[in-house]
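Colleague: Given the structure of chain A, go ahead and fit chain B onto it with the hints provided.
Here is how the chains run, residue by residue.
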Amino acid sequence: MSWLLVSPILIPLAAAAVSFALPERRMAQRTVAVGASALLLATSLLLLVEVATRGMVVMQAGDWPAPFGITLIADHLAAIMVVISAIMALATAVYALVDIDPAREGLGYHPLFLVLVTGINGAFLTGDLFNLYVWFEVLLISSFVLLTLGNRRAQLEGGLKYVAVNLVSSLFFLVSIGVTYGLTGTLNMADLAIALKDVPTGLVTILAMLFLVAFGIKAAIFPLFFWLPASYHTPPVAISAIFAGMLTKVGVYALIRAFTLLFTQDVPWTHDVLLWLAGATMLTGVLGAAAQNEFRKILSFHIISQIGYMIMGLALYTPLALAGAVFYLVHHIIVKANLFFVAGLAQRMGGSFELKKLGGLYRHSPLLSILFIIPAFSLAGFPPLSGFWAKLVVVLAGVEVGNWAIVAVALVVGLLTIYSMTKIWQAAFWSPTPEGVTLSGLPQKRLWVPVAMLAGLTVVIGLFSAPFMNLAEASAAELLNPAGYVEAVLGADAAAEYDVPIVLEETP
Amino acid sequence: MEVPVALTVGVLFGSGLYLVLQRNLLRLVFGLILMSGGVNLALFVAGRLTRGISPFVPEGAYAPPMGAANPLPQALILTAIVISFGLTVFALVLLLRTYERLGTVETNELPIRLRDPHPADVSPPASSVPHATPSTESSGGTSDPEVGS
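Each protein sequence line maps, in turn, to chains A and B. Quick note: the first sequence uses our numbering, first residue 48, plus one each step. Quick note: the second sequence uses our numbering, first residue 53, plus one each step.
To be clear, the hints were calculated from the coordinates, so they are not data collected in a lab. Among the hints, erroneous ones may be present.
Said to hold, decoys possible - Part of the chain B face toward chain A, derived, beta carbon under 8 Å:
no., residue
1, Leu84
2, Ser88
3, Gly138
4, Leu139
Keep in mind the model is a prediction, meaning the values are calculated, not measured. Ideal Cβ placement from N, Cα and C applies to all residues, glycine included.
Excised from the complex, chain B in its bound form:
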């Protein structure tokens, strides 16, 4: 059973890596999702694949029966899934915000878009966009520090 799972890990990691290297940032996020799936499976195999016996300690005993499945990797995976879920959601929101503010999700267009002066960075419409755009009074001065570099 280990070999097919190991191959699956390889396929997930490989295709994830391929997507991460793409210029489109949405593909990058998809790549990260695939890779984290691969990593979770790898963790799973690392705990050895055993079947049949649940890791419950019988009444009166102090240890689970011989040959029981190892529950620790599953606990690790559960933690890792929660974390990667949070991170993926953040990455998607960041991507959405970037698209709203810069109008592109292509990596090689981002620096070009950044170079155009943009009213939002100079005088923020603080009232119209409640969740975004703090005052640049203290952090940005009169112009974006990126401009001109």
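Extracted from the complex, chain A is given alone in its bound form:
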């Protein structure tokens, strides 16, 4: 079923080409964007069903056998990520119908957005390290343009930081690829999993740290996150929502892939480093958020603190912890994009993103208040919403290992998240409207559709979490047993050579 595997890349790419060929016809471009996103969601759901029922889907591009050609592979994690990216693409495409102004559409918003989705999906599905670099660049260059599209001065100022830091990260990634190739002579990830076993552990650890810096910048982990809060609040809401939802998560995905498939030679050391970084990421993110007074800046800092939880799941490196990390990824993407959409609606009514200038939204629009409370409480981890289960699983994994320090950090950060969310609630919704501010009427219905859709999804994941958790556990089982991945790409002989290092335990 190789068409299922390439469709998440080909559909948005073809749609981008069509959209690019229709520069002056805005209605046609909009139809293409929404239609392609819907089609993408359908095919990626089919892909997930295929993976869940029949196991990994693999394709060798151009029929060049691995490790010589480029491998595309969808395991559980990749398939889940592609589905989520399709959901985000659809939500953003609908929201953008109103939110993106005609001038930005004229500058090519729609084709760029579709190229961004292409790059994201390509990064999830590739099984080749250099190909991953190329997909990263595809999504980076389109994100650069989307971020600065329109040339507002704040956008330019934020965009410069974003561009500079991400270019440095790409260079780190490329040089790490060079060193990897020099040490092993291959860049196919399944082949690397075997080849890295013959490399001295110390050298592999150095490589792991190089990749940690490269992916860590993209994922915005502790000392490398400064570009994120400096830039994510500057573009229009539709753009910052998909950035906030997806882009850092591509980095987290790459980290999970690298530190389960490639760099497992010295787990006590490398994953300890990850655990320290996870704790620091959580704390700095949440404290940074506490100091902010702008709606989208608070949310941006919370992206960082939530990334910490995912890295914590990866660092604990048990079946339960990895399942938690995957579940957290899914939950966080939905909730965070939803909160950015809500911020956009609040700005449309209240006229500002500044909490000081907002107020009275609860009386003005009870519906928006409910739509804010659902993702906000989910982010903070209130039962029965999706965030509660995500936090619960990650924290339980910490308890299971007996690492009380990281459990304490996770719980404290959860409390501080509630503080930030109540701060927004109090200032924007509960407090009276500031003098001199008149609230404008309710925004168009089309803007509410994606917000309600994502909020509904949060509730559904919270109330019926079992099937989602099963998928997350299946991904964790695959991640902890890379022999299956190696076998899917290179065949059974290679998998035998791989010699499984980790014995899977039953998940309690």
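Modeller: Chain B in isolation, oriented as in the chain A frame:
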């Protein structure tokens, strides 16, 4: 041959990093160019430096002759050069736009310039600047969200 090339990589990376840490953003772009040159050379060395035999498969054979140069890193470098060319051009255009709109390319002056209210962010001269300045009606409201923070 590896040692001098490795030293060159080091010099390129080091001087690139020095430039990236400068406050002037044009130097930052130059630094990125130097660093990407260094990275490309590193990729090149990673494929081992061999000379003399081209990696062509002779007629009737299935593999290139022993000791042939490795063509794969060169393919990687070619891709990387194209990508870094595109990114560098984008960075330069972004820098130019920033200079036009904010009047400076010094990192520590950018936030100061941003704080001055600027007519272009409030009511865009959409007709006079065709390639820039979309309507702020939907995205910016009446004032720049940055102002006042």
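Colleague: Is the shortest C-beta separation between B/Leu139 and chain A less than 8 Å?
Modeller: Holds, because the Cβ-Cβ distance from B/Leu139 to chain A comes to roughly 6 Å (cut-off 8 Å).
Colleague: Do the numbers back the hint for B/Gly138, that is, is its least Cβ distance to chain A under 8 Å?
Modeller: holds (6 Å)
Colleague: Interface hint check: B/Leu84, Cβ to nearest Cβ on chain A, cutoff 8 Å. Holds or violated?
Modeller: holds (5 Å)
Colleague: Holds or violated: the hint that B/Ser88 contacts chain A, with Cβ atoms closer than 8 Å.
Modeller: Interface hint status for B/Ser88: holds (6 Å vs cutoff 8 Å).
When the structure is compared with the earlier hints, no violation turns up for any of them.
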